[in-house]
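Colleague: One-letter residues, chain by chain:
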Amino acid sequence: MTVLEEGIARPHAAAERASAWSVAHDWVTTVDHKKLGVMYVASALMFFLIAGFEATLIRIQLAVPNNDFLPPDTFNRLFTMHGTTMVFLVGMPMFFGFANYLTPLMIGARDLAFPRMNAFGFWLFLFGGILLYFSFLGGDGLYGAGTAPDVGWFAYAPLTGKAFSRGNSTDYWILGILVSGLGSTGTALNLATTIFTMRCPGMTWSKLPLFVWLMLVDCLLTLVILTPLTAAQVMLLLDRYLGAHFFDTQAGGSAVLWQHFFWFFGHPEVYVLIMPAFAIMNEIVPVFSRKPLFGYPFMVGATVLIGFISLSVWAHHMFVVGLSPAANTFFALSTMAIAVPTGIKIFNWLGTMWGGKIRFTVPMLWCTGFLFSFVIAGLTGVMLAVVPWDWQLSDSYFVVAHFHFVLIGGLLFTLFAAIYYWFPKVTGKMMDERLGKLHFWVFAAGFYLTFVPMHFPGLLGMPRRIYTYEAGRGWDELNLISSLGVAVQLVGLSFFLWNLVRSLLRGEPAGDDPWDAWTLEWSTTSPPPEYNFEQIPVVHSRRPLWDLKHPEDPDWRYE
Amino acid sequence: MTTSTTGALAPPAVPAPWTMPDKGKVGMLLLIVAESSFFAIFVIAYLFYVGKSLNGPFPADVLELPILGSICLLSSSVTIMLAIRALRAGNRSRFNLWWLATILLGLEFLIGTGMEWYGLIVRHGLWIDTNLFGTTFYSLVGFHAFHVTVGLLMLTLVLIFGLTGSLAPEHAERTEILSWYWHFVDTVWVVVFTVVYVVGR
Numbered sequence: 000m001t002v003l004e005e006g007i008a009r010p011h012a013a014a015e016r017a018s019a020w021s022v023a024h025d026w027v028t029t030v031d032h033k034k035l036g037v038m039y040v041a042s043a044l045m046f047f048l049i050a051g052f053e054a055t056l057i058r059i060q061l062a063v064p065n066n067d068f069l070p071p072d073t074f075n076r077l078f079t080m081h082g083t084t085m086v087f088l089v090g091m092p093m094f095f096g097f098a099n100y101l102t103p104l105m106i107g108a109r110d111l112a113f114p115r116m117n118a119f120g121f122w123l124f125l126f127g128g129i130l131l132y133f134s135f136l137g138g139d140g141l142y143g144a145g146t147a148p149d150v151g152w153f154a155y156a157p158l159t160g161k162a163f164s165r166g167n168s169t170d171y172w173i174l175g176i177l178v179s180g181l182g183s184t185g186t187a188l189n190l191a192t193t194i195f196t197m198r199c200p201g202m203t204w205s206k207l208p209l210f211v212w213l214m215l216v217d218c219l220l221t222l223v224i225l226t227p228l229t230a231a232q233v234m235l236l237l238d239r240y241l242g243a244h245f246f247d248t249q250a251g252g253s254a255v256l257w258q259h260f261f262w263f264f265g266h267p268e269v270y271v272l273i274m275p276a277f278a279i280m281n282e283i284v285p286v287f288s289r290k291p292l293f294g295y296p297f298m299v300g301a302t303v304l305i306g307f308i309s310l311s312v313w314a315h316h317m318f319v320v321g322l323s324p325a326a327n328t329f330f331a332l333s334t335m336a337i338a339v340p341t342g343i344k345i346f347n348w349l350g351t352m353w354g355g356k357i358r359f360t361v362p363m364l365w366c367t368g369f370l371f372s373f374v375i376a377g378l379t380g381v382m383l384a385v386v387p388w389d390w391q392l393s394d395s396y397f398v399v400a401h402f403h404f405v406l407i408g409g410l411l412f413t414l415f416a417a418i419y420y421w422f423p424k425v426t427g428k429m430m431d432e433r434l435g436k437l438h439f440w441v442f443a444a445g446f447y448l449t450f451v452p453m454h455f456p457g458l459l460g461m462p463r464r465i466y467t468y469e470a471g472r473g474w475d476e477l478n479l480i481s482s483l484g485v486a487v488q489l490v491g492l493s494f495f496l497w498n499l500v501r502s503l504l505r506g507e508p509a510g511d512d513p514w515d516a517w518t519l520e521w522s523t524t525s526p527p528p529e530y531n532f533e534q535i536p537v538v539h540s541r542r543p544l545w546d547l548k549h550p551e552d553p554d555w556r557y558e
Numbered sequence: 000m001t002t003s004t005t006g007a008l009a010p011p012a013v014p015a016p017w018t019m020p021d022k023g024k025v026g027m028l029l030l031i032v033a034e035s036s037f038f039a040i041f042v043i044a045y046l047f048y049v050g051k052s053l054n055g056p057f058p059a060d061v062l063e064l065p066i067l068g069s070i071c072l073l074s075s076s077v078t079i080m081l082a083i084r085a086l087r088a089g090n091r092s093r094f095n096l097w098w099l100a101t102i103l104l105g106l107e108f109l110i111g112t113g114m115e116w117y118g119l120i121v122r123h124g125l126w127i128d129t130n131l132f133g134t135t136f137y138s139l140v141g142f143h144a145f146h147v148t149v150g151l152l153m154l155t156l157v158l159i160f161g162l163t164g165s166l167a168p169e170h171a172e173r174t175e176i177l178s179w180y181w182h183f184v185d186t187v188w189v190v191v192f193t194v195v196y197v198v199g200r
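Just so you know, the protein sequences line up as chains B and S, in that order. Under numbering that gives the first Met the number 0, the first residue of the first sequence carries the number 0, and numbering increases by one thereafter. Under numbering that gives the first Met the number 0, the first residue of the second sequence carries the number 0, and numbering increases by one thereafter.
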């Protein structure tokens, strides 16, 4: 790659063996965005395995009717911890991990705007997560009631009041999320500031990689919605410890207000979680279709639109509360409206693939899988936006199947894609293609086996969060298939873990640019040095590396 | 568009100098956005519960307009601006004077809040668990007062730098960023005043 050497000065990777102690010290005290990014993703993977274990226990319990594998109170704790972990300790840190690692590299910067605050944010998140899990040991409190939180991940009032939730388990839920939420707010602020102020020369708003655009909108959305959750949780703490009455119905307080506050955070949060998936799609699909992304300005517009509309859809979680007809109509329409920019994105990715020279590498397989499952997730989402339909199916397994299609078929598929795609950059080693393909096909099969049948018990009336059910309601076979699917997913996942360990130890050397890609992170070494770029790059188009590799036909002529 | 000897095209020039907004200013603006969102939730809760307390004391019976405190806090926004103007002009002693005035005005506001709370708690028996008014009043006004306190701590830190002579005109930008926070705290008070003392009464 002589072209690269001429264009952008490449730093020299330092390679020395260091003692285990100094390596550990290095990682704990680091403020480097790349190390923090890796630690975010690694912690998220750890929590992902824990949450997956919890889900497996839940599915074993539900595999057959009248099962007594788990006692009911343990079942409540498991689904609460599973949901809370997946949203706050897997989805969020995955978002911040990839954003942390890639944003400065993609915009040609040497670090985030506030590196020490970045480290602070990471450690707040990690200790928030550990605090939540400490509840298994310390949640007993003084009352001997309850260990881990058992109020569900959205912790509806008045169940969270002192009268109904004794002991300290709910406090662990509040404080764990509050602490990690403060970290997330700081990191979102940090990333957005970086994107506003540290773009390299030439990188105007219309030349910003779409990954970074998505991350910017995502961070701004996080800033606006996460502090309301913090505020609501502070109110809950005041209720529990100072006898305040925010959500105390006996003193005139309103339990519905908590739902409004929680979902004002909770629904945009779904978009906060899924935007990294869009961001990853925007990078991987063009590279493996060998075409620039179709409809860049529309993609930016759709992203901004999703950011705004997502702030006005929250009460579709609350149709069964009994809102006014006007409110029902408004939230149904806004929920359907958000499908429009999302649909634009789907068509843009299809447009990118159309007529391209598609290479079905492992990252591209996951991205293609995303397209299928995310469209299904979107369709069931629009169905649930229809108020009478939602009245029928709210809090049923149909809803559970819907959001697992969003968060596994959508988010997790692209997270796997991102790990396979950027692993060579982070470690300098390739992941194994054969194991990767096994991982994809087995896991995807397991996913569909679990979650396609899950829609139907919901349609047949099976509510979510019940710890067991009677035989002969038409739910038995479907639940058994769902549970068997989990076993298949676990097999797929073990291929992934094996691949990860094996590639880390003895993967093929990757080189700087194994995928022949176009964004700036591929112009530096793999792994990049601490300062990223010896010289700050200058860009002229959305695909700076294409320009360098093809000086006779650069992109900036057409943009 | 020119063609160089190698056949490669020379890219269009990047605007020089390539300037980006200041990190501190953008960071502070975003902090203000996040904080506004935080306060909005407490304001909404306050408005939602106006007139819904099941038992007294009610706002109309016990709340008095905090005129003096409000005047002090709002004028401190002017004095902090004058202080930064003095720093930019290189007049350090005038900076110290206006900066001290800002702190004293903020302090007077806090003392006013303290006296108001003392009266409400001791004379009227209103605490956070008394009724919905107490719940929403103490949390909203309390979080604002907490932000004033944090602001005062930071202002005092800068005053120490000023008095020890380590502040120079080139620090005007940074002190201005701090002043944005102070203006934000003031603006929140305008909202709190309207909601609690005008609408809520």
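There's no promise every hint is true.
Unchecked claim - Here are the simulated DSS-like cross-link-like pairs (lysine-lysine), alpha carbons at most 25 angstroms apart as the crow flies:
| # | chain 1 | residue 1 | chain 2 | residue 2 |
| --- | --- | --- | --- | --- |
| 1 | B | K356 | B | K161 |
| 2 | B | K436 | B | K290 |
| 3 | B | K206 | S | K22 |
| 4 | B | K436 | B | K548 |
| 5 | B | K161 | S | K51 |
| 6 | B | K356 | B | K344 |
| 7 | B | K206 | B | K428 |
| 8 | B | K436 | B | K206 |
| 9 | B | K161 | B | K34 |
| 10 | B | K206 | S | K24 |
| 11 | B | K34 | S | K22 |
| 12 | B | K290 | B | K548 |
Unchecked claim - Covered stretches of chain S (chain B as the covering partner; in silico rule of three or more C-beta atoms under 8 angstroms from a C-beta of chain B):
| # | segment |
| --- | --- |
| 13 | 44-56 |
| 14 | 149-160 |
What the hints assert, rightly or not - Just some of the chain B residues that point at chain S, by a computed CB distance under 7 angstroms:
| # | residue |
| --- | --- |
| 15 | A112 |
| 16 | T184 |
| 17 | P227 |
| 18 | A230 |
| 19 | T379 |
| 20 | W514 |
| 21 | A516 |
FYI, nobody ran anything at the bench for these hints, they're computed from the structure. The beta carbon of each residue, even a glycine, is placed where N, CA and C say it ideally should be.
Colleague: Now tell me if each hint is right for this structure.
Modeller: So, going through the hints one by one against the coordinates:
1. B:K356 <-> B:K161: violated (61 angstroms)
2. B:K436 <-> B:K290: Distance ~23 angstroms between K436 (chain B) and K290 (chain B) Cα, so the pair holds.
3. B:K206 <-> S:K22: holds (21 angstroms)
4. B:K436 <-> B:K548: violated (30 angstroms)
5. B:K161 <-> S:K51: This hinted pair holds, its Cα atoms lying about 22 angstroms apart.
6. B:K356 <-> B:K344: Distance of about 20 angstroms is within 25 angstroms: holds.
7. B:K206 <-> B:K428: violated (29 angstroms)
8. B:K436 <-> B:K206: Given pair K436 (chain B), K206 (chain B) is violated - Cα atoms ~34 angstroms apart, limit 25 angstroms.
9. B:K161 <-> B:K34: violated (41 angstroms)
10. B:K206 <-> S:K24: Since the Cα atoms of K206 (chain B) and K24 (chain S) sit roughly 24 angstroms apart, the hinted pair holds (cutoff 25 angstroms).
11. B:K34 <-> S:K22: holds (22 angstroms)
12. B:K290 <-> B:K548: holds (15 angstroms)
13. 44-56: holds (count 6)
14. 149-160: violated (count 0)
15. A112: holds (5 angstroms)
16. T184: Where the cut-off is 7 angstroms and the nearest Cβ of chain S is about 6 angstroms from T184 (chain B), the hint holds.
17. P227: At 5 angstroms from the nearest chain S Cβ, P227 (chain B) passes the 7 angstroms test, so the hint holds.
18. A230: Check passed: Cβ of A230 (chain B) comes within 4 angstroms of chain S, closer than 7 angstroms.
19. T379: This interface hint is violated because 30 angstroms lies over the 7 angstroms limit.
20. W514: Because about 24 angstroms separates W514 (chain B) from the closest Cβ in chain S, which is outside the 7 angstroms limit, the hint is violated.
21. A516: violated (20 angstroms)
Checked against the numbered hints listed earlier, the structure breaks hints 1, 4, 7, 8, 9, 14, 19, 20, 21; every other hint is satisfied.
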